[in-house]
Amino acid sequence: MGILDILIILPVLAAALIGFGAPARVTALATAGVNFLASLYLFFWCRGQVADSAGYFFRTSTPIAENPGINWALGVDGMALVLVLLTTVVTLAATLFTKGDAKHARLLFSSILLIAAGALGAFLSTDIFFFYAFHELALVPTFLGIGIAGHGDRKAAAWKITVYLGVGSMVLLIGLLGLVLHASGAGGVTFDMVELMAHGATLGGATQNWIFAGLFIGFGILVSLFPFHSWAAPAYASAPTPIAMMHAGVLKKFGLYGLLRLAVPLLPQASQGWAINLLLLLLLGNILWVGLITIAERSLDTMLANSSVMHMGYIFLGVACFNVVGSSGAVLLMFAHGISIALLFGLCGKLRDDVGTVRFDMLGGLGSVAPGFAFVFGLGAFASIGLPGFANFAGEVMVFLGSFKDFGGEIGRLQVTAMLAVWGIVISAVYALRAYRNIFQGEVSAASDSRVITKGWRFPSYLLIAALLIIGCFPNLFLNLLPSTDSAVPGSAATASQTSDHHGHDHDHDGH
Amino acid sequence: MIIRRSALVILMCLEIMLSAANLALVAFSRFRLEAGLPDYDGQMLVFFVITVAAAEVAVGLAIVVALFRSRRTIDVTTLTSMSH
Amino acid sequence: MSPALLLLLPLLSVVVIFFGTKWSGTLSALVSVASVAGSLGVTLALFSTDSSMVAMNWIALGDVLQVDIGLRWDRLARGMMFVVTLVGTLVHVFSLAYMREDEAKARYFGCLSLFMFSMTGIVLADNLVMMFIFWELVGVSSYLLIGHWFTKASAADAAKKAFITNRIGDFGFLIGILMLFGLTGTVSFTGLENWLAGGHAGASAGLLTAAALCLFCGAVGKSAQAPLHVWLPDAMEGPTPVSALIHAATMVAAGVFMLVRVGFLIEASETAGLVIAWVGGFTALLAALMATQQDDIKKILAYSTLSQLGYMVMVVGLGSGEAAMFHLYTHAFFKALLFLGAGAIIYACHHEQNIWKMGGLKTRMPITFAAFGIGTLALIAFPFTSGFFSKEAILDIALHENKLLFLIAAGVAFLTAFYMSRLLVVTFLGAPRSEHAGHAKEVSVIMFVPLLILAFLSVVAGYKPVAELLQAQLPDVHWNWFVFFVSLATMLAGAGLGFLRYLDKRSEPKVIPVLANKFYFDEAYGWAVRNLQDGLAWVVRGLDALFIDGLAVGGITRLTEGVGCLFRRVITGNLQAYSYLFGVGVFVLIYFTVFLR
Amino acid sequence: MPLPLFILFSALTLGFAVAVIANRNPVTAALCLVVSFVGLAALFIGLSAFFIGIVQILVYAGAVMVLFLFIIMLMDIEEEERKHFDRLRTAGGIAVGIGVAFLIGGVLWDFDYGKASLDDVPVQFEAAITLREADADSGIVRSANATAALREGRLKDVALVGEKLFNDYNLHLQMIAVLILIATIGVVTLGKKDSPAPDSGSSGGDKASES
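Chains as they are written, first to last, in my numbering: chain Z, 1 to 512; chain L, 1 to 84; chain C, 1 to 597; chain P, 1 to 211.
For the record, the hints were derived by calculation from the structure and aren't laboratory data.
Check the hints yourself; a few may be wrong.
Stated by the list, open to error - If you want the footprint, here are the derived chain C segments under chain Z, 3+ residues with CB under 8 Å:
(1) 86-99
(2) 120-134
(3) 173-182
(4) 538-546
Everything numeric in this text was worked out from a predicted model, so none of it was measured.
Each residue gets a CB set at the ideal place from its N, CA and C atoms; glycine is no exception.
Given only the sequences and the hints, what does the whole structure look like? Please build it.
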């Protein structure tokens, strides 16, 4: 029963306990705390390790089924470790943000823990079967949480998100099964990622294409890629705070993790041809189209929801670079975005509970009423728009640098997309500051002067901001966990033919 | 069965259809010799059909009676409450 | 005692204020003043040494990407650091008095220290990414300082406007950095210089120009050049010491500093140089024209800063970074002096900023008048003041490089003299025009000591030995009679005209609407934001709701519903209809099985 | 069996079947049905399926018709009035009828008439007897008098049916028994007088029933 198993099983047990009547908040807090400490221990332990051949620090595997080759295989590498840390931090923060006597407290706490378990399971398992199963496990509490404990037209939103993600998961399943069946190589059908990775590149171009299409669209829907983003805004707007924090902060990264782990490395040919153009186009849609929508939003929660969809665009840009700088930037950005969006949703939830409304026109001048709250929200807002010193900036700058790394003279399509994507920092500045201006500055509006912001938000916010600052100032903590040479990075099989570029001499490269 | 409006007549037509089926079965069992004798499997089926038809008529008529008692009519075209 | 200390002192003060002395305003003020004085001391101590070191390795991705927090301590950095820390200390001392009764004093001084930290970062940066990091931090600290009194709606909007305009500038700056990184594979200045020296300029000249112009974009945003200058006048919403520090001496100068730091790139592509020169010249002219019609004392000074910055950018574009830095160096002193002087006046007249409500302060505030007068003389390049030497150099270079720009420069000199004399006359001479101005009295010692120091410096700084001592950049410009004559003539004409027109006037004699409302830039930008951005956002939102939400998602749901009710129609409840369908079913079945084998 | 007899009985069955449909008065319809069943039973016997013929008479002609008549009398259903001769329904019915008829005709059309009539396929008694002796010791229960009748060349139909029924289809017999039991229980519950029939609500139910 290794540490990885504990990480996953503990929350499930705790959720069950809460179901059977254990005091909700205490159990949840205890579990989240233990999980957080366990992940820290894992983090420091892995820093000492050297990754094995496939890049994993630690792997256990207990076979379950023989013929379809399913085994309970857990493994942690650089990318998974970062996301595990993200999950445990956000879970702890989500538990702290939720008051013990909130309505549906037991439901909320157990769903936080279940989502955490689902996410941890998905990130840690190196077996596609469990990878997929854990994600589905995490979807159920989201639906229940939004449907029962949400607000606004929560039923419609709950149904919408579940059906949408259900379709996404179905498409993903098709892709995954295609992948498993075709790339299983000689030893019979196997779900183990590492083996599949080995046989992955041998697939023919045609099969790769449709498998990649399935994975790409499936993950795209789960991550609210441009055309499939309409489920995000209503869902997060009417979701209760902890569910919104957990889903936007953690669960959304599953799709990107899947893309980086499965789609990009296993299907180099497919992911070079038509897919890259589509990906670039869609991510621009994400950044510019959804960015503009965010500006037009009139209430804080929908604005935050859309802003999280917009930031996905940057992470996709990182994935689309297909080089180590881009993908490490993407991983960093995943972590940073997860934390900052969780913080903002937490504060937004606190605002909604205490002040009663989150609409811009009803709020105003909260800065003088609750200076501490305004300061922390300011930090969160500035972090999310990429102020240096926070992890978001480190991630974003690396994604942009990655997109220009193999630039070598003529402006390729990746460079054009990157330039348009950089305009996103202005869009994000506009909507973030406009929100901050309407809520915290200016004359004190009727809604905000009478109420006082109850305490309980300080510790989780400081926890999250500390995480952002630490990684923002010292991104190397994560970077030396990730593969640092081009060859080992996922998706670089396609660029392997490119001569390694070191400074000082003009580098030729294959036409991208 | 499709033309007539009265439930009873519909049941009668049903009987006719079943008996037609029986006729075909018996004819085949007679014309196909199995081990020198007419193939009695066919007749087994006929036998079962008859019993089931009898049970069916009984239940059918019971329903018709119940319907008649509650709706005062057995005109099929008016009994459409199942549709909405 | 290394340059890293310069970076750490303000950071330390921010941390101490944030965690420690948040509750007592005066204590945090003292911490902040101590930190800035300390960094002034360190700068002076390190005045002679040349060093560059790597303080911390920020991003290390094997050999692929190497970004670190490196410090570069050379003559350019030393000169700039001296200006930054000196003006910073004086402003800190001045704000001790100016902000005494402000309730959020701790936050004010915390932000000031944050500003000093980020400004030091820019000056010491040895690579573009680090410069960009501190570039944005400076933007944030100016946002916080402008919006210090955020309960005032106008201040909050001004802060937002400043940050977003800066951000647009940063957009260009970032793209410039990315291009250079893509081209050369490195971000550090030394790396770029080696790459350039390695003879690659020819290979991608077009791209180099593009990269240089993108970097210039960042400078335009930060130093409020032509298209992105709208935020500077509104930034006057912030407390006056802030305007003095940020919007006169340091932050706006960061853009020019960056251009000089990347000078080798601009020389590599002369088209970029030309564009920069022309933008600089145009901004100078534009700002000078606008300044003549402003009524708010701080706005006049803001526009004058804009036009002086235009000068510096023009000269950098013409190829001589030293002249720009020399002008920046002298300008910092007398512009800070003017701003602090204005602060003293506003403080004395109970926060009255409209010059037409002042008047007759000459007798009431003699010391401020004297200091303010010296500053004005330096600004309008009165012979043998510091302003004279630096503007002389600029005019001389303009004469050699580009005749047309020389004419514009001369015109701007005339306008500067005109509006500065207008300001001086209306504020100090004649009769007081409001009871506030009536019983204005001299400010306290803490406020006019910095004025005197700056006045002394703005006279003395121009001479060679002093400049050499203070590590300023000295352009190799020789004496030119024609230039001397032109600058003298324009100065006298401007001052004289200003003096005659505005002596004993109750209000603005001739209001030129175009200039008064700043060429309608604000209205144009407001319209653009409202219609283009918000309108487009609203349209996009409608489209998104209509197409993606309505059509794609809604479409599928409606489709399934439609098919559903289609089937519902079949269930009529009519027994015979069922049997009929049943019969048809049998018919079809038999037909298929038997006949279509 | 001789051709004229065959024609007579089949005409009888078909004619009275059509009469059942055409007749408006349910009582006459029921009686025509009885005659049709009798004709049918005669055909069965012609095909030497004596047991089935008798059962047909007993069950159908007897029990079912009696039941019908009994119900008709009980509910004194008046003659179905002629008021609206629904064109669509009759057209539909006829169309289906003709359609299926054509189909079956089509099938029969290209069906090679192996055996035109009964006497092409005589019952081979000898072969049957030899086969029965062959598997005499195989443990399958054989009715003694059936074999005896076969020797005399008579087809003891009932014995053979019984043999087949209880040898091969025993389980089915039990199931049928259970089915009939359930049917009777069903009828009893439906028929109960004061049972609160589900939709006979005294409130007059929904408007559809006020015909």
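Hints, one by one, checked against the model:
| no. | hint | result |
| --- | --- | --- |
| 1 | 86-99 | violated (count 0) |
| 2 | 120-134 | holds (count 4) |
| 3 | 173-182 | holds (count 6) |
| 4 | 538-546 | holds (count 4) |
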